[in-house]
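Asks: Keeping their order, the protein sequence lines are chains R and A.
Under the numbering used here, the first residue of the first sequence is numbered 165, with each subsequent residue one higher.
Under the numbering used here, the first residue of the second sequence is numbered 165, with each subsequent residue one higher.
Note that these hints are calculated values from the structure, not bench results.
Any given hint might turn out to be false.
The list cannot tell twin chains apart, which means a pair is met if one copy fits it or any two copies do.
[Said to hold, decoys possible] Below, computed lysine to aspartate or glutamate pairings styled on EDC-like, alpha-carbon distance capped at 20 Å: (1) 397 <-> 331; (2) 439 <-> 387; (3) 238 <-> 224; (4) 305 <-> 412.
Number of protein chains: 2
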Amino acid sequence: MSVNQTKEKPLFIGIDGGGSKCRATIYSNEDGVIGTGVAGRANPLHGLSQTFESIQLSTELALKDAGMSISDSKGLVAGLGLAGVNVPRLYQDIVNWSHPFAEMYVTTDLHTACIGAHRGGEGAVIITGTGSCGYAHVGDKQVCLGGHGFALGDKGSGAWLGLKAAEQVLLHLDGFAQSTALTEHLLGHFKVNDAMGIVEHLAGKSSSCYAKLARTVLSCAHEKDEVAQNIVKEGAGYISELARKLFEVNPPRFSMIGGLAEPLAPWLDKDVVAKLSPTLAPPELGATYFARQSFDKKIN
Amino acid sequence: MSVNQTKEKPLFIGIDGGGSKCRATIYSNEDGVIGTGVAGRANPLHGLSQTFESIQLSTELALKDAGMSISDSKGLVAGLGLAGVNVPRLYQDIVNWSHPFAEMYVTTDLHTACIGAHRGGEGAVIITGTGSCGYAHVGDKQVCLGGHGFALGDKGSGAWLGLKAAEQVLLHLDGFAQSTALTEHLLGHFKVNDAMGIVEHLAGKSSSCYAKLARTVLSCAHEKDEVAQNIVKEGAGYISELARKLFEVNPPRFSMIGGLAEPLAPWLDKDVVAKLSPTLAPPELGATYFARQSFDKKIN
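Start from the sequences and build out the full structure, keeping to the hints where you can.
Replies: Spelled out as structure tokens, the structure:
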């Protein structure tokens, strides 16, 4: 395929790069999704060469899945949603890549997640999984809030809930407060019985280790443990505020994405919950819509 | 020298291992300090072989300083104060080391710091530098509180003050609160003008990077910046509580050690400040006192 053929009957590939996986989806306007591929992590913040390798591999797998050959990547219009490309240096590094595609458009993983959630339309999203952040795009306006990473930001995220719980448990164990159900559950989680045991399991560990405690915090809060409730209320309060900040640009739709979206919902303020709509498509499809939109803008 | 000679006229070496330096001090009952040596970091939590190398090198330098030969280490009674040896596995790793000394006694860096602060006597200390923790020993009682490490614990420490300040600045920059003098000072500190700039300088960085912000937080608090004051008051409140917990075992003396001991003092509760006594000797001398006490106990 040549770029000229591409312009007449373009094939798009959406790449959703993340901290654990990279998903590629090949999409045509006529047939929808025709192939998918999954490779390892593709987060430019954690290494460029690994990111390029994962994009390449997921692309090859998607091409194979679509019954195409590896060299057919030269005919694809690519949309990449990647973490960290709001840092100008990283954006430039990605754009400078001698990529295997006909065209390549790069944006943040937040942007493609948002485009996906609203099936190509404008809107706002809040992502609450291991981390947390908010994003909205309406007309020329783009708003990106929070998401400053563990342990600096990401309030209300899984890792943040886990960290706050561990802090509280250690304060309890040092005698600064009474033991509660949360203490017992966390000691049970790690099969330890003192502060040293907790520290051994968590000191210097990644955000995902802390995020594994989030379910315990949420279930203790659900069972009316006061310490757990205070943590969850503070986190959910921040997420509600984050949503209201996004509403200031009047997004036509609002969705929440990520593993904590559902369990956090009962703790959000009612005005925020009232505006919640379901996500319509996953981020990797959002990346194909982004590729198509960017390509259409260029050729028209 | 043989161990028998050692028993008659013992020479002691105190080792104070830390996250950045390892200090060795050779001490005799007759002449006091006769040699000192400094090597790189010796923190078992961050690597055993480096710890052993730093202990060995600082010992050799101290021997040279005392006009002795390297093989004379075989006649020294050593006292080691090391971080992390309250973890039984690490304690055992250190004790199993085929060390170059006549005798070797191992305890935590907190214990030797406390012995030093009270020149061999009993008492309590709070250490507030990059990290924070409290320690007391009175008779058979030993109390060790806090010090669970960044970002899990170490409330009121330099790293904690820096982290809280960075969190607040990011919340301000995302529009969740008004800008204050603290915001301006921290943006100036990093020579950046937005949240991304702050995150680029701090994401994934060590506790010492955060601790470098502590002076700024304290000076803003001193100039009555409300956000900075709230952070410092919360940290100092914890330190005051920590002190009161230590007072429960009735320590005859109480000292504060570390770079933040002095600037934090004005923010501590009056009942705590009233009990403060100056530190009498540094941790590496504390380690020699510990060596002597352990040796005396053994031979008597």
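Asks: Now look at each hint and say whether the structure bears it out.
Replies: Hints, one by one, checked against the model:
Within a single copy, residue 397 and residue 331 get their C-alpha atoms as close as 16 Å, and across copies as close as 18 Å, so both meet the 20 Å cut-off. When the C-alpha separation of residue 439 and residue 387 is checked against a cutoff of 20 Å, the pair qualifies neither within a copy, at 27 Å, nor between copies, at 43 Å. For the identical chains of this complex, residue 238 and residue 224 are intra-copy neighbours only, at 12 Å inside a copy versus 64 Å across copies, given an alpha-carbon limit of 20 Å. Taking CA atoms no more than 20 Å apart as the test, residue 305 paired with residue 412 passes inside one copy only; the shortest distance there is 11 Å, against 59 Å between copies.
This entry does not satisfy hint 2, going by the numbered hints stated previously; all others are met.
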